[in-house]
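Visitor: Spelled out, the chains give:
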Amino acid sequence: MNVMQQIVDGVSVSSSLLLVALGLAITFGIMKIINLAHGELIMVGAYTTYAVNTVAKLPFFVAVIAAFVVTAIVGALMERFVLRSLYGRPMETLLATFGISIMLQQIVRILFGATNKAVISPISGTLTLGNIVIPYLRLFIIVFSILMLLLTAYILFRTKFGMLVRTVSQNRSMSDCLGINTSRIDLLTFSFGAGITGVAGAIVATLRNVSPTMGIEYMIDSFLAVVLGGVGSLVGTAIGSVIIGEASQLLTFVGGEIGARIIIFVLVIIVIRFRPEGIIKLESR
Amino acid sequence: MRKTTIRLFVILLVSALVLVGCGNKNSGSSSGEDGIKVGILLSSSGPTALIEAGMIKTAMMAIEEINENGGVKGKKLIPIQEDYAGDPSMAATKAKKLVMEDKVTAVLGTFTSASRQAVLPIIEQNNSLLIFPNLYEGEEYSENVIYTGPIPNQGLEKFIPWLVENKGKRFFFIGSDYVFPIVMNNQAKALLEMHGGEVVGEEYVPFGHMEFASLINKIKEADPDIVFSTVVAESESAFFKQFHDYGITADDILIASPIPTENDLAAMGPEAGKGHVVIQAYFQSVDTPENKKFVENYHKKYGNEPVNTQMEAAYYSIYLLAAALEKAEDITDTKQIIDAFAGQEFQAPSGKIKVDEENHHTHLNYYVGVGNLDGQFDIIDKYDPVRPEPWSKLLYPDHEEPWKK
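Top to bottom, those sequences are chains A and B.
Everything in the first sequence is counted per the working numbering, starting at 1 for the first residue and increasing by one.
Everything in the second sequence is counted per the working numbering, starting at 1 for the first residue and increasing by one.
Hints in this document: simulated from the structure, not taken from any laboratory.
Values in this document were obtained by computation on a predicted structure and should not be read as measured data.
Which chain B residues face chain A? A few, computed with CB under 10 Å, are given here: (1) G208; (2) K220; (3) A266.
Glycine included, every Cβ here is placed at the ideal spot set by N, Cα and C.
One chain only, chain B, in its complex shape:
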């Protein structure tokens, strides 16, 4: 009796898996429709789904809008989304599927540098195109990648002098212990010293660290004007929350950071974020007609969730891709599409942006925002687009730039 039950169960399980597998295959093949396939390689499950799930939604929204307006060269964009669950090796597997099986024209996606670097060899070997829409540490260039997200030099170049001028000279640097925060802090320190500021402390915490009591004590002892934080992910909101628990307000010691978004304000609670200063390429509170429309459409379609900079980046990246596809003569020739990105401009919700003519990175606007009790940022200053420098001229004045070859 038991054996039969087990056998039945196993048969059901296997059939279910086969059906699921078949389901995916059908959505992959073209099924006769004439369109341009775009791969969306973003996680809807796993630890990074936190950020990437929202990006999938805005990318899909952009594709829908473009299709409603006649598509690209008269053809519809067909999105093929693959979930890699935040795992770099899974990202490589899914990238292979998108590029080699589905033969997509371009892939928008990956989030962490680890997953991007896992996917890079597949993109390069198959002469495909990756559009990477996220903030990362820079110091990278690939012929087959267009980087549409921010890199450290852009935000820091204006933010650090602004902080020194308006908030104080004594900085305590903290960050999560891996390449991205450390690179950002190094650039920030160099800028700080250029503008006459002082580094009164520097401390790194393990990724995922949650207990900030002793770090907060060290900060209080050092008595800085500003804590410059590149602590990321969950540790970041835990730090803000515990900082607030110790009774320290933004008027006593200010936290300045290029990391937090509206989601983090929601996670740490409005009291903990109030008054602290953040720099981003986009805030939900940006006052442009494009942004009003963007946020309205998003809320209508998906409900009243916060809209953050990564989501906006996924949105304008699709539009940049569509523009490049229009401009390129032959869209089966990846090189033509990549060349069509050079100098491409777009009126994004965050303002006018431009893909650099040479280095495959994007000129972005910058906003200085202060956290308020509604879980949004009050914008107190804005900068016009800053040229992206993957190897910051400050730290690497003599670096040979690979795109010049």
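Isolated chain A, as found in the complex:
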């Protein structure tokens, strides 16, 4: 078995998982909102890319920017009209976001029709190193996801906006006392998380096709990556994505595609059982 090839493929799987989980790291990790419409935000980004790139025939990077903007707007609408009144009430948030996910799926079906759509990848061809083959598209996704991670980290840790986000999430009442407009920060944070998720949708659309139900499969894996890596930590999400991505490729030696999934779930259960905060524990009071 070509182990090196599997490891390299694991890196590319990890990178697409990281992209998808990055937005969740913000909405769930930092804001602690259980957003069951996370998958549908991915889908919104993918459909935006379809509309801009395949239909309007604009360049791919324009589509990616459009995906960010459109999904951020959708996220802002969600936050302003639904989530704002449900802070601190996880059950209602779960139900509300589940309802929103069904709505988004059907809206897309009405707008675009029920059949699957294609987003042609902007890059084709493969790189061959010895007996390892890597499609250039996957290399692009690896590089892109690392850049997104660094960009998100920079925004969160080196800008004033990022500082405000972290302040509000650590101690909301104190932030209010200090005169920070917490509801505005919430709106911007959630939109930012949604926008990143939209970009992830744009990218993964090139690996597969675009359909109203495409977001559902990403839900489980992105929550797994965030929870395993440590809720609230970007580095944790990155580590979680790498572990799950690599494991899903390497474990196929042992169990086949299905066995690998089962083993991963079991592993995550074991880790959470003994270390509920995930791999990177965040200090909290």
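Once you have looked at the hints, place chain B on chain A.
Guide: Okay, now just chain B, sitting in the frame of chain A:
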């Protein structure tokens, strides 16, 4: 102030729901018109709307054409469409409505085996008739169902030897992990071994699986001539796309499959589908006068979308039903209608088809198509109608056939 707003909102919402409910009821009752009610139980929303939405359109088109030509026994066919959103329990609820409230003469519909099996008890207990127009795994027979879609033995019996003769002997089997792909692959493997081929690998992926990197590696290691794929739904076009991303063309390793349709070619992009081989009971590119008319009428009425085999099946199923209704003496007696299907023939867009005299399944033509860059299939071979065998004689030579009782 806020309480009043909420109350107003709730009243508006409830009134809207009541009106919608009333609306449906009116379309259900006969309102005095003398016609034959046909239930169309297909999803216009939900995950399977992908395929079923197109089927609703062609079924409606068939009903319109029949009505324009004088209807059945001088009466018009009245379609009553119910959307079950791909959910088997909802399918059962809607079937109850169609059969017991609307008292339809027959129901055309359901798509997955799960939804058909949810609906079956209602059809059987109320002595109604279900026409099931889709490809499924076979191994089923009901007195109250006419199966007008393909079953595995029909396509595979000719396809496998064709592949061995023309493309190679070493097969790697892949599929989605549930009953239908597994049954198809089992029959294909048995046929392959009969014709001297070799199984070099077999792998199943979870339904909805999207990441095919490691599977593609395994396939490359095993170095087959052909990948025989019964991967379904979205996973299927993702597999083709990623296969292509790795630089593997149809000349290196061919993908052969009974699953893809024109919609899938559109979804995976033309480069990914090019050169791979598919077998179906119908392609949009079939060259018959009936098909030219069918595709033209569809495009005129609904726009320039691809037309696939499930849509054609919904279309000819309505015509088969109309023919059976004409032949039956008393159309309030379901048994007479069901018996009238036996041996019923029709010149469908895909060619001449016939409902089997005994086993409630349909003899269908078969076409071998190669994906091209226009998102269509070039037809390179055709087979005359193959007898449907719900329990394939290959796998179950001694099976007692329930329709013989």
